[in-house]
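Enquirer: By the count of my numbering, the sequence shown reaches residue 304 at its end, each step adding exactly one.
Keep in mind the hints are simulated off the structure, nothing from the lab. Take the hints with a grain of salt, since some may be wrong.
In silico EDC-like pairs for lysine to aspartate or glutamate, Cα to Cα no more than 16 Å straight-line [claimed, not checked]:
(1) Lys-36 to Glu-150
(2) Lys-17 to Glu-46
(3) Lys-131 to Asp-203
(4) Lys-69 to Glu-98
(5) Lys-60 to Glu-70
(6) Lys-154 to Asp-286
(7) Lys-194 to Asp-94
(8) Lys-113 to Asp-83
(9) Lys-17 to Asp-81
(10) Lys-294 to Glu-181
(11) Lys-179 to Glu-295
(12) Lys-19 to Glu-111
(13) Lys-19 to Glu-46
(14) Lys-179 to Glu-271
(15) Lys-73 to Glu-98
(16) Lys-73 to Glu-53
(17) Lys-73 to Asp-104
(18) Lys-250 to Glu-218
(19) Lys-19 to Asp-83
(20) Lys-154 to Glu-166
(21) Lys-17 to Asp-83
On a predicted model such as this, the values are computed, not experimentally measured, just so you know.
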Amino acid sequence: MKEKGKAAIVACSNGLSGESRPKIEELKVRLKEMGLLPVEMGPLYRKDTLWSGTAKERAKALMDCYRDPDIRWVFDVSGGDLANEILPWLDFERIKAEEKTFWGYSDLTTIVNAIFAKTGRPAVLYQVRNLVGSMGETQRKRFREALSGESGELFRIPCRFLRGEKLEGRAVGGNIRCLLKLAGTPFWPDMNGKVLLLEALGGTEAQMAAYLSQLGQMGVWDQVSGVLLGTFTQLEKQGCRPSMEELVLERAARGSGEALPVAQTREVGHGEDSRAVIIGKEICCGREDSV
14 MKEKGKAAIV ACSNGLSGES RPKIEELKVR LKEMGLLPVE MGPLYRKDTL
64 WSGTAKERAK ALMDCYRDPD IRWVFDVSGG DLANEILPWL DFERIKAEEK
114 TFWGYSDLTT IVNAIFAKTG RPAVLYQVRN LVGSMGETQR KRFREALSGE
164 SGELFRIPCR FLRGEKLEGR AVGGNIRCLL KLAGTPFWPD MNGKVLLLEA
214 LGGTEAQMAA YLSQLGQMGV WDQVSGVLLG TFTQLEKQGC RPSMEELVLE
264 RAARGSGEAL PVAQTREVGH GEDSRAVIIG KEICCGREDS V
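Given the sequences, and given the hints that come with them, work out the whole structure.
Expert: Below, the structure is given as structure tokens:
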């Protein structure tokens, strides 16, 4: 297969455990099969703590990806809590100047949205380790077709409407807890006219209500054009009530009392079947469509 260039593997959030190493090695094999040349950039694995390196070290590893002219893709394989530590150390002007795409999910919501906020460039909300997960065969097919331009199935999000008829606007958001780490910082994305994507792995119904209240108090409901809900793993597993859908339908309203369109997808979130969302890219979804 014709080589498609280098693919950087980084860990900007918590360091990976030693038990993750076989999966990362398998991921590198799978990327090679698709014509990519995977290269580990900077520290990936934790040492004596959750950190794989200092914030400056992890930021340097990411910026080295943008300085290397042979690297075309940047895949973050981490998650957890620590990604926002590196934001002050990133050179967003350099990131803006390079034709490279950052991919990450969960805690990397902070970096994905910061890149869009500071540069206007899109970034992808997706965990590349899905390629070697329980849905690996399906994920690899979608990913391979996305790389070749043969199909956009990886980015096609089936959804159903809970309220309203249409979602339209550029996508922002991701993991709700991690997104709110950006509140009050220069890295918070402009919400005006955007479609706000929300999903989560953990969290109780009370925590979700608090997060939604914070978004309302920040004026977000008056700014966005609609809300797209992904999966909320812990809430759904425990059958919590009120559900996230009920919480959002109750709270997502403009100050005028106008209700916002709300759609839901089962294929964006922390499941290994999750598809990818391009943060910063225009999406349009009607009742008969997918995003």
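Enquirer: Can you list which hints this structure breaks, lowest number first?
Expert: none
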